[in-house]
Amino acid sequence: AQSVTQLDSHVSVSEGTPVLLRCNYSSSYSPSLFWYVQHPNKGLQLLLKYTSAATLVKGINGFEAEFKKSETSFHLTKPSAHMSDAAEYFCVVTLFGNEKLTFGTGTRLTIIP
Amino acid sequence: EAQVTQNPRYLITVTGKKLTVTCSQNMNHEYMSWYRQDPGLGLRQIYYSMNVEVTDKGDVPEGYKVSRKEKRNFPLILESPSPNQTSLYFCASSTLLNEQFFGPGTRLTVL
Chain A
44 AQSVTQLDSH VSVSEGTPVL LRCNYSSSYS PSLFWYVQHP NKGLQLLLKY TSAATLVKGI
104 NGFEAEFKKS ETSFHLTKPS AHMSDAAEYF CVVTLFGNEK LTFGTGTRLT IIP
Chain B
522 EAQVTQNPRY LITVTGKKLT VTCSQNMNHE YMSWYRQDPG LGLRQIYYSM NVEVTDKGDV
582 PEGYKVSRKE KRNFPLILES PSPNQTSLYF CASSTLLNEQ FFGPGTRLTV L
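As given, the protein sequences belong to chains A and B, one line each in that order.
So for the first sequence, my numbering puts the first residue at 44; every next one is plus one.
So for the second sequence, my numbering puts the first residue at 522; every next one is plus one.
In short, the hints are calculated from the structure, not lab data.
It should be emphasised that the depicted structure is a prediction, and the values quoted were computed from it without experimental measurement.
Careful, some of the hints might be misleading.
[What the hints assert, rightly or not] With a straight-line Cα cutoff of 30 Å, these simulated DSS-like cross-link-like pairs (lysine-lysine) come out:
| id | chain 1 | residue 1 | chain 2 | residue 2 |
| --- | --- | --- | --- | --- |
| 1 | B | K590 | A | K85 |
| 2 | B | K592 | A | K143 |
| 3 | A | K92 | B | K538 |
| 4 | A | K85 | B | K539 |
| 5 | A | K143 | B | K590 |
| 6 | A | K92 | B | K578 |
| 7 | B | K539 | A | K143 |
| 8 | B | K538 | A | K85 |
| 9 | A | K143 | B | K586 |
| 10 | B | K592 | A | K85 |
| 11 | A | K85 | A | K101 |
| 12 | B | K578 | A | K143 |
| 13 | A | K92 | B | K592 |
| 14 | A | K85 | A | K143 |
[Unchecked claim] According to the in silico footprint, chain A covers these stretches of chain B (three or more CB under 8 Å from chain A):
| id | stretch |
| --- | --- |
| 15 | 531 to 543 |
| 16 | 623 to 632 |
For every residue, glycine included, the Cβ atom is placed at its ideal position computed from N, Cα and C.
Using the sequences and the hints, build the whole thing.
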């Protein structure tokens, strides 16, 4: 069984300040983990993925995430927020090689000018 | 351009009137899935298909049907829609071990 918990339903940060979106996962086996972003009225776009290679994963638009097995976490970070980062972010877990994705409930990121 | 397409993008219908939402991908992907997105619940998987003629239930399959007669197409069928199926629906496709590519979504309202 697998599950994912996004610890914050809504995060607000000022433009130019760091972003931290938190995600904890539960998985019986070695998981694959993803972060997807959904801009208003758009589909989902992959930000980054972890598939048992390097634990620090770099994605698009300056985002990165670190896989911490001891803490069962996969938090998403960005050093400096931009207005265009305002969107909903989903943490996703799947078993390696399994196409069944389990989504978190999402974190809405608001950027304050 | 590599993409997943869905039609229609918006649909308003009435309870009990059968409808089909089409999904097509041009990337020769083996895997295709349908999800519904509801506020506060994230995306939940309805059905998925690992290849032609191979489909299986996801987390919320009740009230839905799918078929996979061709590799590129994976239609979602609502035989008798009900208001609790009002939602935003996404189709996705992928190859083995890779991330899923999502379509633009279909917003369905059942009155």
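Hints, one by one, checked against the model:
1. For a cut-off of 30 Å, the pair hint linking K590(B) to K85(A) stands: about 28 Å separates their Cα positions.
2. Taking the CA atoms of K592(B) and K143(A), the gap is near 18 Å; set against the 30 Å cutoff, the hint holds.
3. The straight-line distance between the Cα atoms of K92(A) and K538(B) is roughly 40 Å, outside the 30 Å bound, and the hint therefore fails.
4. A distance of roughly 26 Å separates the Cα atoms of K85(A) and K539(B); the hinted pair therefore holds under the 30 Å criterion.
5. Of the supplied pair hints, the one linking K143(A) and K590(B) holds, its CA atoms being roughly 21 Å apart against a limit of 30 Å.
6. With a CA separation close to 25 Å, the supplied pair K92(A) and K578(B) stays within the 30 Å bound.
7. Under the criterion of a C-alpha separation no larger than 30 Å, the hint pairing K539(B) with K143(A) is consistent with the structure, at around 27 Å.
8. A hinted pair counts as satisfied when its Cα atoms are at most 30 Å apart, and K538(B) with K85(A) qualifies at roughly 27 Å.
9. Note on K143(A) and K586(B): the hinted pairing holds, with a Cα-Cα distance of about 18 Å set against a maximum of 30 Å.
10. Distance hint between K592(B) and K85(A) is fulfilled; the C-alpha atoms sit about 25 Å from each other, no more than 30 Å.
11. Of the pairs offered as hints, the one joining K85(A) and K101(A) holds, with about 23 Å between alpha carbons and a cut-off of 30 Å not exceeded.
12. The hinted pair formed by K578(B) and K143(A) meets the criterion: a straight-line CA distance of about 10 Å does not exceed 30 Å.
13. Proposed proximity of K92(A) and K592(B) is supported: the alpha carbons are some 25 Å apart, at most 30 Å.
14. A hinted pair counts as satisfied when its Cα atoms are at most 30 Å apart, and K85(A) with K143(A) qualifies at roughly 22 Å.
15. Counting residues of the stretch 531 to 543 of chain B whose CB lies closer than 8 Å to any CB of chain A gives 0, so the stated coverage by that chain is violated, three being the minimum.
16. Counting residues of the stretch 623 to 632 of chain B whose C-beta lies closer than 8 Å to any C-beta of chain A gives 4; at least three are required, and the coverage claim holds.
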